[in-house]
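Visitor: Just so you know, the sequences run in chain order U and F. When the letters of the first sequence are read in order and numbered with the UniProt record's numbering, they come out as residues 1 to 84. When the letters of the second sequence are read in order and numbered with the UniProt record's numbering, they come out as residues 1 to 383.
Any given hint could be a false lead.
Said to hold, decoys possible - If you want a taste of the chain U side facing chain F, the calculated C-beta under 10 Å gives, among others:
#1 N31
#2 E44
#3 R47
#4 Q70
#5 Q72
#6 D73
#7 H76
Calculated from the structure, these hints are not laboratory results. Ideal placement from N, C-alpha and C gives every residue a C-beta, glycine not left out.
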Amino acid sequence: MFDGVKKHQVTLPCQPEPWDIRNLLQWIKENLLKERPELFMQGESVRPGILVLINDADWELMGELDYKLQDQDTVHFISTLHGG
Amino acid sequence: MGTWGPGGCGPHHVLGLCSYSNCFREYFVHKFRAMLGKNRIIFPGEKVLLAVSGGPASSAMLRQVQEGLSRETAKRLRFIPSVIYVDEGAVRGQSPAQREQSLACMETLLQATGFPYYLVHLEQLPASILRPGPTTPSEPNVSYKEAVEGFIQQQRQKGYGDQDSGTSLPGPGNGESPEGPPSAPRLPAAALTQELLKLFGAVQTLTAKEELLQMLRIHLILHTARTKGYTKVMTGETCTRVAIKLLTNLALGRGAFLAVDTGFKDDRHGDVMVVRPLREYMAKEIAFYNHYFNVPTVIAPPLPTKRRDKPSFRHIVENFLLGLQKDFPSTISTVYRTGEKMSADHAKPSCESQRCLLCLCALDLDGGEWGGLWGGIRRLGAL
Chain U
1 MFDGVKKHQV TLPCQPEPWD IRNLLQWIKE NLLKERPELF MQGESVRPGI LVLINDADWE
61 LMGELDYKLQ DQDTVHFIST LHGG
Chain F
1 MGTWGPGGCG PHHVLGLCSY SNCFREYFVH KFRAMLGKNR IIFPGEKVLL AVSGGPASSA
61 MLRQVQEGLS RETAKRLRFI PSVIYVDEGA VRGQSPAQRE QSLACMETLL QATGFPYYLV
121 HLEQLPASIL RPGPTTPSEP NVSYKEAVEG FIQQQRQKGY GDQDSGTSLP GPGNGESPEG
181 PPSAPRLPAA ALTQELLKLF GAVQTLTAKE ELLQMLRIHL ILHTARTKGY TKVMTGETCT
241 RVAIKLLTNL ALGRGAFLAV DTGFKDDRHG DVMVVRPLRE YMAKEIAFYN HYFNVPTVIA
301 PPLPTKRRDK PSFRHIVENF LLGLQKDFPS TISTVYRTGE KMSADHAKPS CESQRCLLCL
361 CALDLDGGEW GGLWGGIRRL GAL
């Protein structure tokens, strides 16, 4: 989905309001996702079954979509969906 | 399902991630041992074959067994594990080069565990395996202690001079067992691959393909277990998978067999029992565990399909349950716990001719016998 690349180190462009996960997902969708966005996204969030870890912690503890990204943050996406 | 992270562990979070992950690790390892301890099915010194696909759940299971064997005596697991990996690359649309690569990855991963292992190809499935093994006479209400004594006595009778055969690497065999020194894994003959692809090509829907693959895979694993002298096979279905399977199988008309298809123990195969020790772990717990403790995985590509939308029953049920789970976090555990109430009695055939060759359950020939199926639907409908 992401060209088979596991790790992306990205520098986000400057924008007036601070980056949060909601913007980040939208940015990923527009810039990194190569095919079939429906397998990754659902609405403005990730598809159920995909876990998000912000600096190794469950994003549910960090405010989910509203978490404000800091410099050097690491965000992991882990799929628990089953291929077949 | 709880939330995992440095803050999810009460007072620990002030101490930082390090002590948090220790806590999570202890919990995780304990749960595995407790599951086996509670069910008392695996005997000390028994040879157990771990079915590892390289996916997150079975890889976590492998790590649990490694952890369990390295503990101090009182807490140590006491069976003798080996690992089996089934290469399904042909039906998953992998090229020979990709298959070689997956196999090599898997082999490195398995070698690192130090357990004996078997790499088998789905093509190696002999036609003769479509029949159940001889049923071992087992009295139903025997206590664990008596069962263990019986097991040890059986082992003695067999004259277990080859005690070490389970702990050392299996010798060079007929292509099923790995060679001692690492060498490039060999793929089966192209003609066999063609046969297999023809079989899968004849199956129309992805739902049926998934079912067929699942059944052939377990037959091959059981066949290997049987020929190599294993009496238990462990598979890595998580709570999430079990819940999805419960509803999928209901939709497929397998309601009467829910208990054997999803229960902790599956003894329909006679001589070899399938055990599912990860049934109480959520897929989320597994994912976090693997992430924190660097459990290596090898991801197999999904079965190829032309349909993008709603490719199979299982996909639809998975989407449905995970979508619900997001807003109602006890969905999956509720479905799982409802499945716990199923009885395995309906799966037992009254005689051999009444048994399905593929799934080895009783053929449901009398239209009037809706008991198992309806019971299942009513119970799940009452959620």
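Visitor: Tell me if the interface restraint on U:Q70 is satisfied: Cβ within less than 10 Å of some Cβ in chain F.
Guide: It is violated, given that the least Cβ distance between U:Q70 and chain F is near 15 Å, above 10 Å.
Visitor: Under 10 Å is the threshold here; is the Cβ of U:E44 close enough to any Cβ of chain F for the hint to stand?
Guide: This interface hint is violated because 14 Å lies over the 10 Å limit.
Visitor: Using 10 Å as the Cβ threshold, decide whether U:H76 counts as touching chain F.
Guide: With Cβ-Cβ at 7 Å, under 10 Å, it holds.
Visitor: Using Cβ atoms only, decide whether U:N31 comes closer than 10 Å to chain F, and label the hint accordingly.
Guide: violated, 23 Å
Visitor: Should the hint that U:R47 touches chain F count as held when the rule is a Cβ pair under 10 Å?
Guide: holds, 8 Å
Visitor: Is the interface hint satisfied for U:Q72? The criterion is a beta-carbon contact with chain F at less than 10 Å.
Guide: Cβ of U:Q72 sits 16 Å from chain F, so the hint is violated.
Visitor: May I ask you to test the interface hint for U:D73 with respect to chain F, counting a Cβ-Cβ separation under 10 Å as satisfied?
Guide: With a minimum Cβ separation of about 14 Å from chain F (threshold 10 Å), the hint on U:D73 is violated.
The structure is inconsistent with the numbered hints 1, 2, 4, 5, 6, although it conforms to all the rest.
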